[in-house]
Amino acid sequence: MATRAKLSLAIFLFFLLALISNLALGKLKETEVEEDPELVTCKHQCQQQRQYTESDKRTCLQQCDSMKQEREKQVEEETREKEEEHQEQHEEEEDENPYVFEEDKDFSTRVETEGGSIRVLKKFTEKSKLLQGIENFRLAILEARAHTFVSPRHFDSEVVLFNIKGRAVLGLVRESETEKITLEPGDMIHIPAGTPLYIVNRDENEKLLLAMLHIPVSTPGKFEEFFGPGGRDPESVLSAFSWNVLQAALQTPKGKLERLFNQQNEGSIFKISRERVRALAPTKKSSWWPFGGESKAQFNIFSKRPTFSNGYGRLTEVGPDDEKSWLQRLNLMLTFTNITQRSMSTIHYNSHATKIALVMDGRGHLQISCPHMSSRSDSKHDKSSPSYHRISADLKPGMVFVVPPGHPFVTIASNKENLLIICFEVNVRDNKKFTFAGKDNIVSSLDNVAKELAFNYPSEMVNGVSERKESLFFPFELPSEERGRRAVA
Amino acid sequence: MATRAKLSLAIFLFFLLALISNLALGKLKETEVEEDPELVTCKHQCQQQRQYTESDKRTCLQQCDSMKQEREKQVEEETREKEEEHQEQHEEEEDENPYVFEEDKDFSTRVETEGGSIRVLKKFTEKSKLLQGIENFRLAILEARAHTFVSPRHFDSEVVLFNIKGRAVLGLVRESETEKITLEPGDMIHIPAGTPLYIVNRDENEKLLLAMLHIPVSTPGKFEEFFGPGGRDPESVLSAFSWNVLQAALQTPKGKLERLFNQQNEGSIFKISRERVRALAPTKKSSWWPFGGESKAQFNIFSKRPTFSNGYGRLTEVGPDDEKSWLQRLNLMLTFTNITQRSMSTIHYNSHATKIALVMDGRGHLQISCPHMSSRSDSKHDKSSPSYHRISADLKPGMVFVVPPGHPFVTIASNKENLLIICFEVNVRDNKKFTFAGKDNIVSSLDNVAKELAFNYPSEMVNGVSERKESLFFPFELPSEERGRRAVA
Amino acid sequence: MATRAKLSLAIFLFFLLALISNLALGKLKETEVEEDPELVTCKHQCQQQRQYTESDKRTCLQQCDSMKQEREKQVEEETREKEEEHQEQHEEEEDENPYVFEEDKDFSTRVETEGGSIRVLKKFTEKSKLLQGIENFRLAILEARAHTFVSPRHFDSEVVLFNIKGRAVLGLVRESETEKITLEPGDMIHIPAGTPLYIVNRDENEKLLLAMLHIPVSTPGKFEEFFGPGGRDPESVLSAFSWNVLQAALQTPKGKLERLFNQQNEGSIFKISRERVRALAPTKKSSWWPFGGESKAQFNIFSKRPTFSNGYGRLTEVGPDDEKSWLQRLNLMLTFTNITQRSMSTIHYNSHATKIALVMDGRGHLQISCPHMSSRSDSKHDKSSPSYHRISADLKPGMVFVVPPGHPFVTIASNKENLLIICFEVNVRDNKKFTFAGKDNIVSSLDNVAKELAFNYPSEMVNGVSERKESLFFPFELPSEERGRRAVA
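Chains A, B and C, in that order, are what the protein sequence lines are.
Here the first sequence is numbered in full-length UniProt numbering, starting from 1 and rising by one per residue.
Here the second sequence is numbered in full-length UniProt numbering, starting from 1 and rising by one per residue.
Here the third sequence is numbered in full-length UniProt numbering, starting from 1 and rising by one per residue.
Keep in mind that the hints are not guaranteed to be accurate.
[What the hints assert, rightly or not] Partial selection, computed: residues in chain C whose CB lies under 8 Å from chain A: (1) 351; (2) 367; (3) 371; (4) 388; (5) 437; (6) 443; (7) 446; (8) 462; (9) 465; (10) 476; (11) 478.
Since the hints were derived computationally from the structure, they do not count as laboratory data.
As the structure is a computational prediction, the values presented were derived from the model and not from experiment.
Glycine is no exception: its CB is placed at the ideal position from the N, C-alpha and C atoms.
Please work from the sequences and hints to get the whole structure.
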């Protein structure tokens, strides 16, 4: 029977190759069901078996048929699965939403304990190759229940930490002592790679919610946690060293070390008592109860004067020009957008920056205009101009979306709630905003002749369209001529 | 028949694994045709069927044979395809000309209308993995007929625009107005990513030819065009937004918007009237007809004083040290080489820069010396030194070639025409030129002992070879001893 | 029989898909051996064949069985190979030692002649994807026998050259002459990309050993050698140009050129006479015999004052802040560690830098603590904290190891010899050292409450562990309580 195997190999290879050239595959499949010589042969042989009784023959013929059916089913199934697979690939290539990340689907849980969790957004390039430019950024969300302790660790990544909700104490190990920093919502701080840190949720009732942007310094797009102090859970990094090494380094007998590294078993986020929380408060400066140590977060975006504000929304930016040198070195900007309910941002794009946006609060809607992400691009002749398709998503707290440079987009608050979005804008050097509606938009800034040529339409008519005095934020309402017909976006 | 499938699975997996270890595959294939027990069995069974007539038996035996042949054919075919596939891979690895790009073969047409075209050079890494270092540069050529309008768009890339031929007006949207710049041949300008721009060929007769070096800011090696103003062709990016959003943003009823975005249908490059051309001219400064607005291109390389010039050629360089800070930031230099007919550049290489060269005019010849690009490299033992092979190409206008750092090369003008080459030199920081012939070449700069040791030849003899007083450009003629025998390079 | 092929295709595709969804595969395999309808059918058919003699039937039944066994064997084999393959992949993913490079296994020989050899460490990413961050660094070791000449060449890479052992003369071609530099052990020098250089082992007896860190400027992770002057071996880069070009460029008849490029046949490293060695010595300054030209290496690390030193070890650092601007531009630091016999470095990690370490002399032991490199990481739910495993290796001269940032590690000298390690530290900007033992370690710097919480252990007990006054280097000895029981690390 070894030959059978060899022949099967031949067949297998033949089809592997056929598979590679899809054309051949297609051809074979077309004729697949039309005629089936094997079935004919099978039935013929049943008839030929002279020694068969009529009953034998029927059984034999039925076997032929069932074999045939079985195989057809396989072909069908294969075709279906093939198609599904193909569709998946297709989707991957032309993922309708390469820029929108769902809270449940696109995050993975790194840590989950009684006390809280750390969830990490998937690698941007796992979502889409189009996000290659921001491959080395990773977003993580830390959630900690009231009065919990997030145990000491360091990362092989620069960390930009933003306090979304709740009130934290951050402990950072510096040289020979621990610096303690109280954090309030809106506080942002840069933690250099490798710095051991711990976090306390100092609030007795409220959950603590932190966004952490990681910029790995070792392997691009990959960061790890290292628990220095710890035990069995979280496991201490020291547990990897042999006892000899540990004993020699720490000058402590094995028995004592075993006890030390065997105590901690509560996981990396756990509940602590009110007394412990108090004891962890900064003490340096005179202060009121419970935490009065001057906040040392590098800045608080909520308390900063907005860059732009009108009745429909507010934009606050903290960027390289504005403040700390680390923002410049990381080529980063933090922005906070608060869109009033029933209002919208203008249609606009960034020239250089990629926006990594996290919906903090409220509900709303997002639309991005994208050049088709099909295989159109470079290799094929496409005599005309590209076409654009809409990426849209309903926004709710916890969702993340990315807007690449050059791509016009718009965000709209729902009827009932303001929409609050916090953005890490990366590659922000030289960035400018260009708008399509409101004061100083692209169309109104074009000279009249170019306008007429571009639209093939009299410039007075074009001008009629693009005139409105507000900029950046507008009410989301139909033009007066159309009121009453307003539908949901 | 489900078992059959299971068994086939077993067989399939077995061979998949066999396939993985090529050795096993090799072994199996060797014995494949030698003896075929299945054929023997098949024929044996034909004979065994006692109830068969002689005719039945013949048919049966023929079936066995045809089965056998079918399978042999499959094996052959598979082997052939396998070999072809292998050869392809092989060719890919050792592409004889990874550095030369043909005007027809290696460009793809992004836009082609009555008015003109935009062609984009393939991604450098699509040509060869060796070009990975310049992956994020893309070269595009815009050609526009006399009196045409290239409609407004922006790119998600930094653009370095060089006016090769013809006379353009460039409109750049800045803040609240459009800046207009007249371009002449030799003008170069940097357009920051995201800036909306339009282009006019203001010449009544001559074609406009622009080279655009794109440096993508979003996805590495990939850039897109976004038509802000537009209609159906070019399609406006605004077309991707829902009517609600557009109506709310532009405060214009749907009907009016539909009309506006339905007019433009002429494509993205189209013919315009002389009056329109005039109306698009810069008007700021007093000027003569037809365009007198002061040229604001950052510089004109044709009007710059050459860095080096002799009777055989001329080299003009504009680099970071020389002029604008954006050249420094983009780590870029522009050079223009004009080699006199029957002349040549010296054999030389750049220490750091990669040269992306575009033949502007004339004909000539290129030779580059390359370390073998085979799999020689790192994994195998190759006890001796590398060997070098010649990459050569006949040059004509429209061709592009790349010269990586460290690789010695030479360009030669034809007998009848000067050879004009414009180069974007990238990664230019710290770059130096090293030559192998002419004044101060590598060999003549070596001390005599090293020279003798290197060539294993008396240094007087070596010195005899490398002495000539010219540098950079020479006549392309044989040494006096050899005149009359001159052949085509 | 063509149908058969088609059916096989169907089956093959079906299983390919089944394969993709491992679940399905698992299911199929479970039931594989349990019942085999095909065997039943086969045997049934043997019995049915009424015309068969009893002997025929036995043969037939035996064939069924042997077919069955054959297939089972295939399944087994396939399963085994599958497992092996899986294990391999597993190993690849979890390579137990992605950071340790053996002198024989992980280097390839680029050049090997009578006079010496050049060995190049494999690309870091070939060893492990985790090393992607240092992909563009390549380490080479040059070994040259006494009184040899390493013939002139240039590289398409920045080269940082470190003289490990022996005494060299380095010739660098600058503008119109050759600069000569004498090198002593500990000397380090930066050679800009493209600079032609030759090397002389000026010692009559001792071998010369140089480490060269290459930072490619053309294709990332890939560098090439170019022999300008040369002949047949090493082959001159000029050999790739056509005779016409060479004759025209060098103004020398072909015959003479052929002779010139035909002499050198000794390879790229060869023995030279004492007279030649003397003649290659620097001559500029008055000096004693044999070489007195002032050393111009940018610095000598062995003669620098150590950054830290105690009885157990010595650390010398030369970094961006310390000296030459090229270290800053290359973002590089050189360190030299000399650990006294029976001593160890503290357990510590770098915050930003990746250490590429070369064992120069002595023997010892290395341990690194690594977060598990399994597929754990991002996509799966792993409710608890990561676990760490030990990477360990016995060190001997010629071995290379890498320590990524954030990873705690320790090096220990053997009982008999000091351990001498030279390190290229890359990505060194902002780097800090954090220690787990000795003065100012992470644990002792934590405030007491955090310490107690982290270890779940009274802080007095924790403090008892981490108190020792030395820093950086300690004796490698068990705590006094445990002496006498000391085992090999």
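Verification of the hints:
At its closest, the beta carbon of residue 351 of chain C sits 3 Å from a beta carbon of chain A; the interface hint therefore holds under the 8 Å criterion. Among the interface hints, the one on residue 367 of chain C holds; its C-beta lies about 5 Å from the nearest C-beta in chain A, closer than the 8 Å criterion. Because the beta carbon of residue 371 of chain C sits about 4 Å from the nearest beta carbon in chain A, less than 8 Å, this interface hint is met. Checking residue 388 of chain C against chain A by beta carbon gives a least distance of about 4 Å; that is within 8 Å, so the hint holds.
Look at residue 437 of chain C: its Cβ gets to within about 4 Å of chain A, closer than 8 Å, so that hint holds up. Restraint check, residue 443 of chain C versus chain A: the minimum CB separation of about 6 Å is within 8 Å; hint holds. The beta carbon of residue 446 of chain C comes within 6 Å of a beta carbon in chain A, closer than 8 Å, and the hint placing it at the interface holds. Because the closest C-beta pair between residue 462 of chain C and chain A is about 7 Å apart, less than 8 Å, the hint holds.
With its C-beta approaching chain A no nearer than about 5 Å, residue 465 of chain C sits inside the 8 Å limit, and its interface hint holds. For residue 476 of chain C, the interface hint holds, the least distance from its beta-carbon to any beta-carbon of chain A being 5 Å, beneath 8 Å. Taken as an interface hint, residue 478 of chain C checks out: its beta carbon lies about 5 Å from the nearest beta carbon of chain A, inside 8 Å.
Of the numbered hints given earlier, the model fails none.
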